[in-house]
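Sequence order for the protein chains is A and B.
Numbering follows this note's numbering, with no gaps: position 404 of the first sequence is 404.
Numbering follows this note's numbering, with no gaps: position 31 of the second sequence is 31.
Some hints could be false.
In silico lysine-lysine, DSS-like type, Cα no more than 30 Å apart, as pairs [claimed, not checked]:
| hint | chain 1 | residue 1 | chain 2 | residue 2 |
| --- | --- | --- | --- | --- |
| 1 | A | Lys181 | A | Lys5 |
| 2 | A | Lys399 | B | Lys174 |
| 3 | B | Lys30 | B | Lys174 |
| 4 | A | Lys378 | B | Lys60 |
| 5 | A | Lys443 | B | Lys79 |
| 6 | B | Lys135 | A | Lys378 |
| 7 | A | Lys50 | A | Lys271 |
Hints in this document: simulated from the structure, not taken from any laboratory.
Note that the structure is predicted; figures quoted are calculated from it, not measured.
Chain residues, written in single-letter form:
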Amino acid sequence: MLPLKEKDRRVVQMLLSARCCPRCILRFCSVGIQATYRLSCKELFTELHKFLNGDEDKSKEVEYGQPPCKKMRLQDSEKNDSDSEQNGAVKLLSNECVLPGDEVQTCSVCLGILQDLCEMDFVKKVCGEVDSAGYHFNNLVFSVSLPPQLLVREHATWLLVKQEVGQLGNILMKDDILQLKEVYKWITHPLLSEELGVPVDGKSLFEVSVVFAHPETDGDCHFLATACRECFRPTKNKQSVFTRMAVMKALEKIKDGDFLQQFPHQLEPPKRSCVVQEIQCSHNSIYVAGLNFSSSGREDVDVRALGNGRPFAIELLNPRRASFPPKELKELQQKINSSTDKIQVRDLQMVTREAIVHMKEGEEEKTKSYSALIWTEKAITKNDIDFLQDLQDLKLDQKTPLRVLHRRPLAVRTRVIHSMRVEYIDLHHFRLYLKTQAGTYVKEFVHGDFGRTKPNLGTLLNMTTDILELDVESVDVDWPPKLDE
Amino acid sequence: MEVEEAQAQTYPSMVDRYFRRWYKTDVKGKPCEDHCILHHSNRICVITLAESHPLLQSGKEIKNISYQISANCSRLQNKVSGKSKRGGQFLTELAPLCRILCSDGEEYTIYSCIRGRLLEVNENILQDPRLLQRKPSTEGYVAVVLPKFEESKSITQGLINQEQYQDIISSRHKTTAEVAGNTDLQESQS
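Between the sequences and the hints, there should be enough to build the whole structure, so can you do that?
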C-alpha cells in the first residue's frame with residue numbers, strides 16, 4: 001500500500017496520463033519514505049493503479065509500459081464533462097505516444113534518471129568502471145551531475161500540477177516535491193554499497209562521479225535566455241551558458257505566467273533516457289611531510305642547510321592508494337637516504353591538509369638562524385664590529401630584492417633581526433651570526449641591494465660590505481613532529 | 001693616525017656576480033653622455049651612469065635632481081602592482097628618466113636606453129645627489145626597468161659590451177690627445 005492520500009488522486013491521474021514514471025509521481029505527492037522508492041517501477045506502477053481504482057483487485061492487470069489503461073481514460077473523460085478547464089489542463093500534458101512492444105516510455109520529467117538509470121544493471125556498470133580504475137578505498141562519495149533541462153521540466157510540471165490541484169482547493173509548493181537527486185541517491189547508494197562492499201559516506205575522500213546528458217532536449221532551456229537575459233551572460237570559460245546555476249536562477253526569477261506562456265506547451269516525452277557522458281573516479285590529495293637536508297630548497301642554491309633540516313611537505317594528487325602505515329614510510333625513508341648522498345630525509349610521515357596550512361602560517365612567525373662570512377672594503381678591528389652584538393630587534397625595511405623582483409611583487413617588507421653575534425677573523429673579514437624573523441633577506445642586509453634594504457650592514461659599519469658565504473644554522477619550527485628512530 | 005687599508009675585492013663584487021654590464025655611449029647624440037645598463041640574469045635591468053659620464057667627472061656639483069620629466073609625467077608617480085608589475089610606465093630607448101641640474105648651469109637628462117616597464121626610480125639620490133656620483137653602480141643607481149619577456153634576449157642588441165665600451169673610451173682619449181698634440185704643433189709652428 002502506498003502512503004498516498006485522497007488529495008493525491010488528481011495528481012496521480014494527471015501524471016500517469018502524461019507518461020510520468022511512478023517514482024516521479026511519488027515525488028510530486030510528497031512521499032518521503034525512502035523504502036517506497038526502492039520498490040521496482042513495475043510494482044509501483046501497479047500500486048498506483050490500485051490506489052486510483054479504490055481497492056486491491058478491481059482493476060484489470062495493467063502492464064507497466066503500456067499506454068494508460070483505457071478504463072482510466074474513461075474515468076477521466078466522465079469527470080471532465082462538466083469541467084472544461086480541467087480538460088484543457090490535461091491536454092497541456094502530452095497524451096499520445098504508444099510505444100511498440102514492451103518498451104517502457106522514458107519519463108518526461110526525470111528523463112530516465114529514476115527509471116533504468118538507478119537500477120542495479122546501471123549501478124553494476126558504474127561499479128565496473130570503478131573497479132577498472134584501480135583505486136583502494138574504504139568508502140566513497142557518489143556525485144551525480146544532471147542535465148539542466150531537468151530543472152525546466154520539473155518546473156513546468158509543477159506549475160501545471162499546481163494549477164490543477166489549485167482548482168480543487170489544494171496548494172502544491174515547489175518545496176513539497178521531493179528532490180530528484182535526493183531520491184536518486186536513496187535508491188542508488190544501497191546498491192553501490194552492496195556491489196562495491198563499502199559504505200557511501202558524504203565525507204569520503206574518494207569520489208565516484210557520473211555525468212548525465214540528454215542532447216535530445218538540450219533546447220528545452222533556450223527559451224529562458226529571452227525571458228531572463230541577465231542570467232545567461234556568455235563568459236570565456238563556459239562552453240554553454242545554460243549551466244545548472246544559471247537555469248536555476250532564471251527559474252527563480254521568471255513569473256509563473258510568463259513561463260507557461262513561453263514554454264512549449266507540450267512536455268514532449270523523450271525518445272530515450274539520458275546518456276552517461278562520463279564516469280570518473282578521483283581521490284582527494286594526501287600529504288606526506290618530513291625534514292630534508294639538501295643543497296636546494298627555499299634557501300638559495302649557494303646556501304647550506306645545517307641543523308635539523310628544513311621541513312617539507314608533498315601533496316600526492318589523486319592517489320590510487322591513500323593510506324600508508326608508518327612501517328612502510330620508514331622503509332621509504334631508508335630507501336631515499338641510501339640511494340643518494342645529495343639529499344637526506346627524516347621524520348617522514350602522513351599529515352593532514354590542515355597541518356600543512358598551519359605549517360605555512362608558522363613559517364611567517366618563526367625565526368631562523370644564519371651564519372655569514374662578511375668581507376669589508378675598509379680595514380676593521382674587533383672594536384669596530386662589537387657594537388653589532390648590542391643591537392636588539394633591529395628593524396629593516398627591505399624592498400623586494402632585485403634578484404627575485406622578476407617573480408615577486410614590488411613591495412617594502414619590514415623585517416626584524418632579533419640579535420647578532422660576531423667573530424673577528426682579520427682586517428677585512430668576520431663571521432656574523434644572525435637570528436632573524438622568517439622572511440628576512442640576509443644577503444641583502446649584508447650588501448644593501450643597491451641601498452634598497454635599509455638599514456644594512458654597510459650603513460651600520462659605514463663601508464661597503466659583501467657576503468662570501470651563508471649557512472642556515474637552523475629553522476626554529478617544531479614541525480613536523482619528530483619520530484622515534 | 002691610522003691608515004685605513006681599502007682592500008680591492010679579489011673576488012667579484014655583488015654587481016659583477018649577478019649582473020652583466022652593457023653600455024650606450026653618446027646617448028641622444030650628446031657627447032660622452034654614456035649610460036651603463038646592469039643586466040641581471042633574471043632579465044631585470046638597472047639603469048646607471050657609466051664612469052665616463054660628465055656628471056661623474058671631478059668638479060661637477062649637482063644642484064638638483066628631478067623626476068618630473070614633463071608637465072604630465074613624473075617618474076615618481078610610477079606605481080606597479082602584482083607579480084606582473086602592472087601599471088608601470090612603459091619606456092622606449094630614448095624615454096627620459098630624470099633631469100639633473102648642476103651648479104655650473106649644465107643640465108643633463110638620463111635616458112632609459114632600453115625598452116621595458118619602469119619598476120622604480122631611485123629616490124635616495126633626491127635626498128643625497130652626491131650618492132649618484134660616489135656610488136653610481138650601486139646606491140647611486142637611477143632606475144630599475146623590466147623588459148618584456150619576449151624581448152629579454154634582444155634587449156642588448158642596441159647596446160655595446162664592456163670591451164667595446166673600453167675601446168670607445170680609449171679612442172676618445174686618443175682623439176683628444178691628437179687634437180691637443182696638433183694644436184700644440186700648430187701653435188709652435190705659427
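Now for the hints, and whether the structure bears them out:
1. For the hint pairing Lys181 (chain A) with Lys5 (chain A), the CA-to-CA distance comes to about 24 Å; that is within 30 Å, so the pair holds.
2. At roughly 43 Å between alpha-carbon atoms, Lys399 (chain A) and Lys174 (chain B) are farther apart than 30 Å, so this suggested pair is violated.
3. Proximity of Lys30 (chain B) to Lys174 (chain B) is assessed by CA-CA distance (about 19 Å); at most 30 Å being required, the pair is judged to hold.
4. With a C-alpha separation of about 26 Å, the suggested pairing of Lys378 (chain A) with Lys60 (chain B) holds against the 30 Å cut-off.
5. With a CA separation close to 26 Å, the supplied pair Lys443 (chain A) and Lys79 (chain B) stays within the 30 Å bound.
6. A threshold of 30 Å between alpha carbons decides the hint, and for Lys135 (chain B) with Lys378 (chain A) the separation of about 15 Å falls inside it, so the pair holds.
7. For the proposed pair Lys50 (chain A) and Lys271 (chain A), the alpha carbon gap of about 28 Å is at most 30 Å, so the pair holds.
Against the hints set out earlier in the document, a violation occurs for number 2 only.
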